[in-house]
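Colleague: The task is simple: from the sequences and hints, build the whole structure.
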Amino acid sequence: MRHARRRSVRRVARLAAVGGLLLGATMVTRAVASEPVGPSAAPHPSARSASGTGAALVARLGGDRTAGHWVDPDGRPVVAVTDESAADAVRRAGATAKTVRHSMSELRSAVSALRAAPQVPGTAWVLDYRANEVVVRGDRTVSGSDWARLTGVAEGIGGFVRTKRTGGAFTTRLNGAEPILSTAGRCSAGFNVSDGTKDFVLTAGHCGPTGSVWFGDRGGDRPIGRTVARSFPGDDFSLVAYADGEAGDGADVVAVGDGKGVRITGTGEPAVGQRVFRSGSTSGLRGGRVTALDATVNYPEGRVTGLIETDVCAEPGDSGGPLFSEGLALGVASGGSGDCAEGGTTFFQPLPEAMESLGVRLIVSGREGAAAGTSAPGGAPAGTPAPVPDAGGTPLLARLTDRRGLGPGLLVVAGSLVALVATRWIRTEQDRKAYRRRYSAMWG
2 MRHARRRSVR
12 RVARLAAVGG
22 LLLGATMVTR
32 AVASEPVGPS
42 AAPHPSARSA
52 SGTGAALVAR
62 LGGDRTAGHW
72 VDPDGRPVVA
82 VTDESAADAV
92 RRAGATAKTV
102 RHSMSELRSA
112 VSALRAAPQV
122 PGTAWVLDYR
132 ANEVVVRGDR
142 TVSGSDWARL
152 TGVAEGIGGF
162 VRTKRTGGAF
172 TTRLNGAEPI
182 LSTAGRCSAG
192 FNVSDGTKDF
202 VLTAGHCGPT
212 GSVWFGDRGG
222 DRPIGRTVAR
232 SFPGDDFSLV
242 AYADGEAGDG
252 ADVVAVGDGK
262 GVRITGTGEP
272 AVGQRVFRSG
282 STSGLRGGRV
292 TALDATVNYP
302 EGRVTGLIET
312 DVCAEPGDSG
322 GPLFSEGLAL
332 GVASGGSGDC
342 AEGGTTFFQP
352 LPEAMESLGV
362 RLIVSGREGA
372 AAGTSAPGGA
382 PAGTPAPVPD
392 AGGTPLLARL
402 TDRRGLGPGL
412 LVVAGSLVAL
422 VATRWIRTEQ
432 DRKAYRRRYS
442 AMWG
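One point on numbering: in this note's numbering, the residue at position 44 of the sequence shown is 45, and numbering is uninterrupted.
Since the hints were made in silico from the structure, they are not lab data. Treat the hints with caution; some may be incorrect.
Here are the simulated distance ranges between beta carbons [unchecked claim]: (1) G258 with E85: 45 to 51 Å; (2) R102 with G246: 50 to 56 Å; (3) R102 with T198: 48 to 54 Å.
SDA-like mimics (lysine to any residue), calculated; alpha carbons at most 25 Å apart, straight line [what the hints assert, rightly or not]: (4) K99 with G289; (5) K165 with S146; (6) K99 with D295; (7) K165 with R304; (8) K165 with G289; (9) K165 with R131; (10) K165 with H103; (11) K165 with G153; (12) K199 with G217; (13) K165 with C341.
In this text, a Cβ means the ideal position worked out from N, Cα and C, and glycines have one as well.
Modeller: If you want it as structure tokens, here you go:
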């Protein structure tokens, strides 16, 4: 009976060890075969190429035969076209064609008519490429008479101009990712830029007038610099010159909180439907999608045009914070409605337009430091929010214990091998002892 129990125990142990080997091998195989998984905020890997394909097709076919492009949820480019010949050209290029009624020329003509109407604070309009219409929004601050007049203008343009009342109010987000403070209020640093001799912070123009002095703390003990150029309203960007002329270490990294950073490698043009991320000093890192381009917002301070509309939330103090995707800088936060508890709409000043106007270029030299003059993490993989080690790579223990890597699978395989070898050794020793006892009994 005792020998039978021992055999059963050994059999169960061997089966468990073999099962562990199979499980560990499966884990390792999946980890090797699958794409490395970054943090939950990792951008869609194909959005950049899809956007480029769509933009190239629109440029080649022209505004009379197309009506914009966007990226679908699977990351594929979609181009709105007005005739079958253009649709064939789009399909031959490997993109999806959607036939629509109104061309980009018609949509832009409608926007021009809206801009020519009397300005109504609290209103905004965007080109909705996917719906092939112009959407005019009015927030809760717009009076009934003003809304009626604007609705009349929209109806006079045509049925492809849709009006919609919204909750909240369209406001600039004054009061990052690092916070910058002045007597005008609190904003967030955007991106580090340079004119070749001096370094600057590029942030929102509504944050403060030219001459505003900025600090990295409320006590005024960490001076950052002074606003030397500004465009608002019309546009929404400004330059803050560093007090010592240099951005310092980590100038190409955007802080996203919790000791993490995103390395910025260049500038880009956003596409409707593209997954994007914003970092701000109030609400931290937030993600969403581009919902429209060339948006116009009538803030109480004045009209701003050419903005990027997103469904990323923001709150006061996030103004000027960076918008990015896949390591590319896209814009700085301008304003919007809603908050990060209920959600909302946020508009961004496109970065390439602002840099061209200011005569500066993005700093992507690999220097490490925060845009706001404080220490920011460096060494983050390009475009991916990730923990930044202090010295040259992820510690071995972290790699082995990372549930998304090879470590767990290798540990399971190693443990199973040890268990298998141990059960084999125990069985051999028991058989040897049993043989000796029998041999001794026979020759006793």
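Colleague: Could you grab the alpha-carbon distance between K199 and G217 and see if it respects the 25 Å cut-off?
Modeller: 19 Å, holds
Colleague: Hey, K165 versus S146, does the alpha-carbon distance stay inside 25 Å?
Modeller: Holds: K165 and S146 sit about 15 Å apart, inside 25 Å.
Colleague: Between the alpha carbons of K165 and C341, is the straight-line distance 25 Å or under?
Modeller: It holds: about 22 Å lies between the C-alpha atoms, which stays within 25 Å.
Colleague: Taking the Cβ atom of R102 and the Cβ atom of G246, is their distance within the range 50 to 56 Å?
Modeller: Since the Cβ atoms of R102 and G246 sit about 55 Å apart, the hinted range of 50 to 56 Å holds.
Colleague: When you take the CB atoms of R102 and T198, is the distance between them in 48 to 54 Å?
Modeller: 52 Å, holds
Colleague: For a C-alpha distance cap of 25 Å, please report whether K165 and R131 respect it.
Modeller: Holds - the C-alpha atoms of R131 and K165 are around 17 Å apart, at most 25 Å.
Colleague: If you draw a straight line from the CA of K165 to the CA of G153, is it 25 Å or shorter?
Modeller: 13 Å, holds
Colleague: Mind checking the alpha carbons of K165 and R304 for me, to see if they're no more than 25 Å apart?
Modeller: Roughly 19 Å between the alpha carbons, so the hint for K165 and R304 holds.
Colleague: Within a Cα-Cα threshold of 25 Å, do K165 and G289 meet the stated pairing?
Modeller: Holds, because 22 Å separates the two Cα atoms, which is no more than 25 Å.
Colleague: Is the straight-line distance between the alpha-carbon of K99 and that of D295 25 Å or less?
Modeller: 21 Å, holds
Colleague: With the threshold set at 25 Å, check whether the alpha-carbon distance from K99 to G289 stays at or below it.
Modeller: 24 Å, holds
Colleague: CA of K165 to CA of H103, is that 25 Å or under?
Modeller: Holds: K165 and H103 sit about 20 Å apart, inside 25 Å.
Of the numbered hints given earlier, the model fails none.
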